[in-house]
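Number of protein chains: 2
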Amino acid sequence: MELLFLGTSAGRPVQGRNVTAAALLLPQERGVWLFDCGEGTQHQLMRAGVKLTKLQQIFITHMHGDHTFGLPGLLSTRSSLGTEEPLRLYGPSGLRDWVQRTLALTDTRLGYALEITEVRPGAIYEDERLRVVTDTLEHRVACYGYRIEEKPQRGRLKAELLQGLGVPFGPLYGQLKEGQDVQLPDGLLIRSDDVTEPARSGRIVTILGDTRPCANAVRLAQGADLVVHEATFDAALEDKALAYGHSTTVQAAHTASEAGARRLLLTHFSARFTEADMAQLAEEARALFPATETASDFAVVAVRHANRADA
Amino acid sequence: MELLFLGTSAGRPVQGRNVTAAALLLPQERGVWLFDCGEGTQHQLMRAGVKLTKLQQIFITHMHGDHTFGLPGLLSTRSSLGTEEPLRLYGPSGLRDWVQRTLALTDTRLGYALEITEVRPGAIYEDERLRVVTDTLEHRVACYGYRIEEKPQRGRLKAELLQGLGVPFGPLYGQLKEGQDVQLPDGLLIRSDDVTEPARSGRIVTILGDTRPCANAVRLAQGADLVVHEATFDAALEDKALAYGHSTTVQAAHTASEAGARRLLLTHFSARFTEADMAQLAEEARALFPATETASDFAVVAVRHANRADA
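Taken in order, these protein sequences are the chains called A and B. All the letters of the first sequence, read from the start, carry residue numbers 32 to 342 under my numbering. All the letters of the second sequence, read from the start, carry residue numbers 32 to 342 under my numbering.
Hints in this document: simulated from the structure, not taken from any laboratory. We put the beta carbon where it would ideally sit given N, CA and C, even for glycine. Among the hints, a few may not be true.
[Unchecked claim] A few chain A positions that, by computed beta-carbon distances, are all more than 10 Å from chain B: (1) Q184; (2) D270; (3) E315.
[Claimed, not checked] Quick partial rundown of chain A residues pointing at chain B, CB under 10 Å, derived from the structure: (4) P44; (5) Q59; (6) L106; (7) W129.
Throw the hints in and build the complete structure from the sequences for me.
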């Protein structure tokens with residue numbers, strides 16, 4: 032599971048940073064989920080070599096243009112590439128109206144089913160492996176954060192031990208891996224728990240939209256392996272952050288710290304900041320939450336388990 | 032007067048070619064006019080070093096997304112750059128509704144007046160130096176072509192001759208340049224026509240939207256110094272061009288030839304064509320209209336007078 036940053040600038044694009052979008056690349060080629068879709072997101076995906084045909088779901092945090100204006104073009108291009116796979120689009124109230132009117136007024140016909148869900152707080156998606164929970168944040172318009180929870184995974188089989196016990200390769204391995212105890216032809220009972228590594232807890236990624244510091248942000252980020260938090264302003268501009276419904280570096284760090292998160296990626300930087308400012312922005316946050324980095328366009332961040340470095 | 036191509040791909044962006052837009056750079060820093068605004072046009076302008084604060088007018092040929100999806104972001108960024116200069120936006124019916132709803136639904140507030148005109152055939156703009164005429168084309172949706180006519184300019188003063196006649200530098204020069212005859216203190220009558228170069232006719236640039244070959248395209252391009260014409264397909268795909276309301280290379284050349292135009296720039300190439308195909312596409316058109324080139328992103332084309340190479 033990797034997070035690919037496609038845009039890390041607030042409000043408008045600047046040289047080297049596009050407006051907001053990030054792609055969650057799921058393991059084992061299980062597809063791509065997109066979080067926000069500023070103008071030019073389809074261009075960034077093309078540059079990064081991520082095929083739009085793999086895109087399965089899009090989550091929009093709020094309706095501001097720097098998070099949405101890339102949607103119509105991306106939806107259209109995904110269609111013109113010929114895929115007929117349905118696409119699910121989640122976001123705030125108003126999203127359906129805007130997308131449907133835009134497609135109609137521009138005579139854009141999609142060759143796949145577009146399922147639009149206007150979200151409310153709670154669980155909004157669940158499959159065998161993942162669950163997505165959303166809640167409201169505090170911005171100038173309705174805004175949501177998304178928490179992606181991987182379900183606990185059964186541990187790996189202890190292959191050497193199984194060989195030593197004489198378990199033949201084949202269906203028995205699958206049964207043991209699934210948690211079933213099995214009996215060998217010679218009567219030996221093999222308990223699944225004895226031959227599998229401990230179950231590992233699932234990973235948690237929290238991607239927050241634009242927000243002032245708030246309790247819901249902390250709750251969404253609780254124990255997360257990776258938190259993506261806006262840091263539109265530096266610590267000196269806390270008054271501006273408050274006025275515009277944004278956060279500073281230090282406020283983002285405070286939220287991550289309160290939540291007991293493991294790693295913080297700052298993004299959505301005001302256009303006033305240049306590459307030369309990034310070290311200082313990171314430092315401000317690290318004073319409170321050491322595991323902080325500033326995101327940059329095309330950065331790929333691996334989402335690691337709390338207890339393993341190689342996941 | 033120069034035309035800067037910002038996007039030359041049809042339907043969707045491809046590596047090295049964005050969707051449609053072109054900027055007319057007016058002489059003497061008189062500003063920039065934009066023709067169509069596919070997604071990413073603001074990014075292309077930024078890369079080309081053209082400031083959005085100089086943008087005065089936008090002309091949209093038709094509502095298809097590859098000609099319009101860059102508008103909301105561009106309008107928003109022009110505002111966030113702080114300019115309060117009004118912006119005029121021209122285009123087909125439906126444009127006002129879409130732009131206004133999009134800005135409202137995304138809570139985008141512009142710090143300048145946006146004047147939207149839904150055009151009808153005829154003259155839609157006129158100032159001291161330029162006039163813009165539009166007419167309908169034949170596409171799957173309502174589509175317009177734009178003809179930009181420079182008004183005739185009085186010829187330059189013959190400076191050496193004036194010196195020889197003893198005309199003192201100053202206001203008299205201005206009067207002569209404006210076409211007034213003047214009398215010197217010694218009684219000598221200087222006729223304006225005798226001391227100015229012949230008036231030069233204004234330049235004409237015609238920028239056509241997506242279209243099948245049609246009489247209006249020929250009329251709009253009549254005697255133009257530069258015609259920008261779509262060539263979505265090559266000559267072999269004439270059936271597709273007909274089916275989708277587009278033109279082939281050869282059809283574009285035929286229109287330019289019928290119109291007695293001086294120069295043809297082909298653009299809006301189907302994503303099926305790569306850079307390697309461009310020579311062939313140009314050749315197909317040149318067989319009928321030799322002064323043909325294929326446009327590429329960031330190409331700057333000077334609009335020259337019929338009778339002068341340096342204009």
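Comparing the hints with the structure gives:
| no. | hint | verdict |
| --- | --- | --- |
| 1 | Q184 | 38 Å, holds |
| 2 | D270 | 19 Å, holds |
| 3 | E315 | 24 Å, holds |
| 4 | P44 | 6 Å, holds |
| 5 | Q59 | 28 Å, violated |
| 6 | L106 | 9 Å, holds |
| 7 | W129 | 4 Å, holds |
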